[in-house]
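Peer 1: Protein chains in written order, with the numbering used here: chain A, 1 to 288; chain B, 1 to 579; chain C, 1 to 413.
Hints in this document: simulated from the structure, not taken from any laboratory.
Since this is a predicted model, take the numbers as computed values, not measurements.
Just so you know, even glycine gets a beta-carbon here, dropped at the ideal spot from N, CA and C.
Careful: at least some of the hints might be erroneous.
Label pairs and their calculated CB-CB ranges [stated by the list, open to error]:
1. A:Arg158 x B:Trp186: 27 to 33 Å
2. B:Ala506 x A:Gly162: 29 to 35 Å
3. A:Gly162 x B:Pro113: 35 to 41 Å
Listed below are the residues making up each chain.
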Amino acid sequence: MAQLLVNGLALGAAYALVALGFVLIVNATGAVNFAQGDLVVAGGFLAVAAAPLVPVPALVLVPAVAALMAVIGLVLSLVAYLPLSRRPPVAVFISTIAAGLILENGVLVLFGPAPRSAPPLIGGGVVELGGLVVARQSLAIIGVAVALIAGQQLLFHRTQLGRWLRATAQDAEIARACGIPVVSMVLLTFALAAAYAGTAGLLLANQFFITPSDGGDLMLRAYIAVTIGGWGSVGGAVAGAVLIAVFETVVAARLGHPVATGLLYGVVLVILAVRPRGLFGEAAGRRA
Amino acid sequence: MRGFGGSAPDDGRKAALPITVGIVVWLVSGLVATGTPYDLRVLTVAGIYALGALGYQLIFGFAGALSLAQGSFFGLGAYVTAILGTRYGLDGAATLPLAMLVPTALALVVSLPVMRLQSHYVALATLGIGQVVSLVAIHWISVTGGSNGLAGVPGFAVFGFAVPRGVPLCLVVWALVGLGVLGAAWLGRGRRGLVLAQMRADPVVARSLGIDTTRLGVGLFLASAAYGGAAGALMAHTQHVVSPAAVGFGMMVSFLTMCVVGGRGRIAGAVLGAVLLVHLPEWLRGFAEAERLLYGLGLLAAIVLAPEGLVGLIEAAGARLVGGRRAPGERARPAPAAPLPAAAAAPAPLVVERLSRRYGGIRAVDDLSLTIAPGSLVGVIGPNGSGKTTLVNLITGLAEPDAGVVRLGDRRLSGRAPERIARLGVARSFQAGGLPGGLTAAEAVVVALASGTPARVARACLDRVGAGEVAEVPCAALPAGARRRVELARLLARAPRVLLLDEPAAGLDADERARLAELLVAERRQGRSLVVVEHDVPFLAAIADRVICLDRGRLVFDGPAAAVAADPAVRAAYLGCAP
Amino acid sequence: MRQSVRSAGVRRFAAVCLASAVVLVSAAPAAAASAPVYVPVLVPLTGFLSLEGTSQRNGAMLALGLAPTEAGVHAEVFDTGTSPEGAVTALERVIGRDDVVAIAASMLGTQMLAMRPLAEAYRVPLITVSGTASVTGPDTRYVFRFFPADPVAKRAHARYVVETRGFRRPALITQTTAYGQSGRAHLLEAFRSLGAEVVADEVIDPTVRDMLPVLTRVAAGGPDVLVLHLHAGSTALVIRQARAIGRTWPIVAGSAMHQPSTAALLAPEELAGVCAETASSPISEDRPGMAAFVAEYRARFDSEPDAFALGQYDGMNMVLDAILGGARTAEAVRAALAEGTHRGLAMTYRSDGTGNMAHTVAIICYDGTSRRPRVVARAGDPVAPPDPTGPAEPVAPTEAAERTDVADAPPGR
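Just chain A, same shape as in the assembly (with noise of 0.2 Å):
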């Protein structure tokens, strides 16, 4: 029980780090980004394809693969947000899709069909912590995805860029009523995001692999986790995360995975119509 709510909390973190970037998109532009899933398995197949260049334990591929993630979510952002950051959201659910489609198809043309390992951060294998068998790649997984939200939490709420980063994400109209340059906030946002889940990508590509076509999938669990946490609510995503992992895990181990999925999406409706505005509560409230 205790072993498999570890293994659930690493794969919620990886899903988190996913979500996070998921609703500071939201956040910033108030459109969906369906490319997320596809953003993650690009940054695992990145860590696939630098493996070979980076000695093991390859902890180093971290700030490698965020850094080369940032670049293409600016590229996303510079492509499918800002030729319709004038437009109704949908226009932009749409051209993420498009993106999306562009990534998974990429990845696809260049590496192949055939689903793909990453090196481990801090070495494979297991330890052994108070009579639990933890794979070592589940703790990299739950420390870098737990520094990374921290360092988000700080760069939101400590410095001028987060306060800028969180004005935009209020209310894009006032921020640049004041002088903040909202348009590189946006494209920073997006940066971040693809940071984020790039890096997730490279997490969860060691242990669980990765395949071109797992985006789509990765895509719908962030969804889904931002909305039951309650739509903008960066705790809320976190903790949807975590709830699916915990599906994924506890509640399969004990019911098995079909019946476990069902359960969570009965779970899921519950919960919107006993909170109809997801668990936290919605971030931003209507301005009447």
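With chain A's structure known, arrange chains B and C on it following the hints.
Peer 2: Only chains B and C this time, still in chain A's reference frame:
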């Protein structure tokens, strides 16, 4: 649902549907005459998707709700057809109605809870339902054939008359698309079309105008399910195989993409989007593993080059053709004489009793009691955050009180839905507009009229507020002052007993303020009760019988307007109040 | 396996271009002695079955690309995606042509079921490596599968587990996909008839990442062997995680295990005690014909061939033999496939009357020191027509199934 609103100014809109019908008729007739079986197959599939996308346009484009259930409705229709066709040998005469009925029944069961949710929660709830349907399709092997699906679905036949594939099937499918277009056009025409535009632009404002958005949304949701089921049935007959791919999320994304690429909220958009997006992969199929990559590039190009959809492009072209001939406002017709609607019921006092509402730790409204007699004009002042707007929200049903009650005469308002309160004769304005940009001023006023009222009354309402000359101007093109007047005209169109105005003078120049003051006084004389939230005390002093001042949710002053500036409690609370 | 993955990516890109070039090359000598014939290749190159679909494409294009110019074959590749609809429209696009004589068709069962009526109507043979049972049937005349069908393959799989290895308490993990559900039904049936008690029967979605829950459930049943019927990624995940938590159950996996890209995900040590069922394992054999096939495949596609590639290769070669033998119409090719015998690289193919051409199943095992498996047994389908020639193998196919040879028991455990 805000955030999914967006609509284009509507010049040229009328041109788009005939143009699209022309394109499609030309395409279908041309291919039927000369096409290879392959061309016909692709065109048939495009027609099937067009039907499904039309249905999705009803809920997503017309009602503005981001439902993600269209794929499930489609798949359900396909499975009903496959199961009845393979197991019981039933033909289209029986299966097509059932394939439409079963998804509609599912929609009915889930609609009431789902349509109460807002935007992304509608999406998640419908997505969750879709995933459950998909799980059932995969795991209920004895009925659905599991992941392998059901093979050997018979071709389309009605009462034993088989429709062979190729030209006959293609024509039948496109005839059904034609019926679907007529049905959608009927659903979106006239007053209902205008009401839907308002609902998309701002559902909260729509409700305050007495529009039952839930009922409208549920109706369109059911219709979208019926369309989806019919499309799924035709797909089952055409492919002869139904597998869980039919209920998958990918199918849903296809419908969404078709509606947006074609043009959201446009009937022609659903059809054009389906025709384009079904043909696009066929042009690319030979590129092997690069096919989807190029499809993604094509899709990106389409949405960036035509963000309002293909129909948006046609409309823009149409507007350029038409627009050269008339400038905004030029089309104004002489006003036909029509009386303003009279209040539906006798005047009654508005009574607020010990009303409280907290948000988190903040008491927005705190134990507030108030009576507003018929025919009186009460000004409400108070610093920012003192609870003025919350008070208006509590009266109009946008917020539920934690304690206390609001009554109009002997009718209890608290606990009723906003549209019910509106229908009892309470009208309100919002600080931030809520006019549907795509409608003309006159159309925007028609939205507010009680059903059965002739549309020309709208013109009289506009004339009453001095906005007659902008009647034919799209709301999006109106300057701020004119916008305010149109909003006011909409409230008069409601023939309210109680009129609540949230900062009506904000952004108006001195002349406009004077005219507004005149108008409000005149309305009061009609026996309406008016509650005017304003920062401009002199403006209020000139027209109000009485002014109340709120501070942190409590009533700190209630008396004649002349005395308010001198009152120490007001001065203490309200530093921003200019004497 | 590879020195540099990045350059592998570039090479793969080149390989894709090359594959397209193959089309052009084979199109060029179209003006051969007789009118050229058209052989389209319709396989899933995108989506969740792209790994298997790419193998199919490569196998087919290798055979067609190596065809002598006098065959006058013009080939063309189309992606079907993974929907029945994509497969049918792709088929309708090519099947109406006068010069089409045979079509390499998707191994995805649902797509085959959707394509079959059209092929029967147009009377053009489809050549596939789908294992799904219902793809062929008593009334199919135009579907030919060059891969053992699930009833054959899964029976051999179960018999190896129960009869050869002597396990009595298998735990079953299968996938929720069409491949998985078809295999599961036949495995359960085979184990029941063999009198083995299935102590766990778990089904998982291909998106399941953490296998600890399913392994926990399996362990509760106290199995003596783990039987898998999963796609490549899930197979590797289950094996790796079972070994990581110290579970040393012998594992007998489905055909996805034999794919070299699956083994590439695991360390050789993790593969100790792992066996798998497959139609063939090209990289395991040193026979001259097979070695040449593997070398040519590697050179052209920069990847390792698997049984799907080989099955499709053999199938297309049978078609080519027919064409070279004078079959210039779809009907003539169909007749040659239905009546003839083809001595392929993997096995000898002959129709059982319903288009099932492959009747031999191989069992491979890994020894824990390399990712190259060894073929430890071959099982013939007892109901199949006798194999008159047999491929160049040391053991006659039908005998291998019956005996329990100590020397052929898997190494490791």
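Peer 1: State for each hint whether it applies.
Peer 2: Evaluated hints:
| no. | hint | verdict |
| --- | --- | --- |
| 1 | A:Arg158 x B:Trp186: 27 to 33 Å | 58 Å, violated |
| 2 | B:Ala506 x A:Gly162: 29 to 35 Å | 33 Å, holds |
| 3 | A:Gly162 x B:Pro113: 35 to 41 Å | 38 Å, holds |
The structure shown violates just one earlier hint, number 1.
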